[in-house]
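Fit chain A to the given chain Y structure using the hints.
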Amino acid sequence: MNAQALAYFAAGIGAGLTIMGGAAGIGRLAAAAMEGIARQPNAAGDIRGAMIVAAGLIEGVTFFALIVAMLLVLLK
Amino acid sequence: MSRLLWLLAAVEPAAEPPAAEGHSPAEVLMHHVTDSVLFRHVDLGPFHFEPTKHLVFFIAAAGLVLLMCRLALRSYQKGGVPRGLAAAVETMVIFIRDEIAEKNIGHDGRIYTPLLCSFFFFILIAALLGLLPFPVYDPSTRRFTIVSATPTGNIAVTLGLAIVAFLAMQYAGIRKFGVIGHFRNLVPPGLPAWLLPIMVPVEILGIFTKPFALMVRLFANMLAGHMVITVLLMLIPLMAAIRGVFGIAVIPVSLALALFIMLLELLVALIQAYIFTLLSAIFIGMFAHPAH
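Going line by line, the protein sequences match chains Y and A.
Counting from 1, one number per residue, gives the positions in the first sequence under this note's numbering.
Counting from 1, one number per residue, gives the positions in the second sequence under this note's numbering.
Hints are computed from structural coordinates only; laboratory data are not their basis.
Keep in mind that the hints are not guaranteed to be accurate.
Pairwise CB distance ranges, derived in the manner of DEER restraints [to be verified]:
id : chain 1 : residue 1 : chain 2 : residue 2 : range
1  : Y       : A30       : A       : H41       : 50 to 56 Å
2  : Y       : A10       : A       : P192      : 42 to 48 Å
3  : Y       : I19       : A       : L186      : 33 to 39 Å
4  : A       : I180      : Y       : L6        : 51 to 57 Å
5  : A       : W194      : Y       : L6        : 41 to 47 Å
6  : Y       : F64       : A       : V28       : 22 to 28 Å
A few chain A positions that, by computed beta-carbon distances, are all more than 10 Å from chain Y [what the hints assert, rightly or not]:
id : residue
7  : P188
8  : P237
9  : A240
Example chain A residues on the side facing chain Y (calculated, C-beta under 7 Å, incomplete) [to be verified]:
id : residue
10 : A213
11 : R217
12 : A220
13 : I275
Nothing here was measured: the structure is a model prediction, and the numbers come from that model.
C-beta atoms are modelled at their ideal positions from N, C-alpha and C, and glycine is treated no differently.
So that you can see chain Y by itself, here it is in the shape it has in the complex:
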């Protein structure tokens, strides 16, 4: 395996791990928000707003990692 093959390998694994982390984070967030809305439908608006912000933060961190994975492929 040469260096470029290793880079592709690392990028694939990195992208997969990134998505796993992001999915776990957003999944837990959505589960908690759903539960909150089910318990207290009155607060649905506030909970949804807070959920979107937190999802955006998680997504941002996920994108940091994805860009690093992309670097491994695009920079030869």
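Chain A in isolation, oriented as in the chain Y frame:
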């Protein structure tokens, strides 16, 4: 990392009309998402311009925002009751003023509403422009090309937005506490003295990581959406290269997936505009009301 970021912000070297074949998928993908010269040889008097596609779409988005606001204003001047476009714009402006600015900055948040509205409408319209294909005629090469680009998919543009957000945060703190008070507020009062060597660098870093996160989030979101759409559409030639039938078979799948991602991008455009505006407001609020 800095090399790719630089690559994504920089302009592709002006290659003469590219050869029709011999492009690897990565090259096609990079050509689609990086900036490249759109019009060669635009001469205005003694000046020579080579506008790139992100620049052209940046100006178009900014012009559309200005036009939209002028049209919305006209409706007020005529009857006083907004209708049509003005009613839609008013809804969003009032949402930004009441739900984003005043809720997160406090009652003096009203003065930041124009800034936050500019962020919101510019990011929204820039992202929506990137989803439309535009036929562009370049008179110097006498060729039509189909161009679609998101100016916010260029890290230089989001850097500019983040710098404005950064200045607004510092302004908010300095306006309220003065220069010295603003920087003294970085560390919460009543902190043990031995913690200061740790807390001061961390807090100074915190000033810069906030706009940095804003910058990378917006840039990566816009870039990733376009990359996914391109990759899905590129499945067709990639499969056709293996065998022609495969290429034809993958067309409906590829188009359906690309359409789905495009619909998702509509949602992402709204959400990213909202998040950038909201986080700017929250960060401004953090400097205006530091932890006690």
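Does the claim that A240/A lies off the interface hold, with its Cβ farther than 10 Å from every Cβ of chain Y?
Given a closest Cβ separation of 23 Å, the condition holds.
Can A213/A be said to touch chain Y, with a Cβ gap under 7 Å?
-> Constraint on A213/A satisfied, holds at 6 Å.
Verdict for A10/Y, P192/A (Cβ pair) under range 42 to 48 Å: Roughly 43 Å apart at Cβ, these two residues keep to the hinted range, so it holds.
message = Next item in the hint list is R217/A. Is there a CB on chain Y closer than 7 Å to its CB?
response = 4 Å, holds
Check on P188/A being off the interface with chain Y, judged by Cβ distance over 10 Å
Consistent with the label, P188/A stays out of reach of chain Y, its closest Cβ about 22 Å off (over 10 Å).
Item to complete: Starting from the hint 50 to 56 Å, judge whether the C-beta atoms of A30/Y and H41/A obey it.
Response: 52 Å, holds
Does the hinted range 41 to 47 Å hold for W194/A and L6/Y at CB?
Because 45 Å falls inside the window, the suggested range holds.
Hint check: 7 Å Cβ-Cβ cutoff, A220/A to chain Y:
3 Å, holds
- In this structure, is the beta-carbon distance linking F64/Y and V28/A contained in 22 to 28 Å? 25 Å Cβ-Cβ, so the 22 to 28 Å window holds.
State, for the Cβ atoms of I180/A and L6/Y, whether the hinted interval 51 to 57 Å holds or is violated. 53 Å, holds
Exercise. Measuring from the C-beta of I275/A to each C-beta in chain Y, is the shortest one below 7 Å?
Worked result: Result: holds, 4 Å to nearest chain Y Cβ.
Separation of P237/A from chain Y, once the least beta-carbon distance is taken, above 10 Å
Since the minimum Cβ distance to chain Y is about 19 Å, P237/A lies beyond 10 Å and the statement holds.
In terms of the numbered hints stated before, the structure departs from none.
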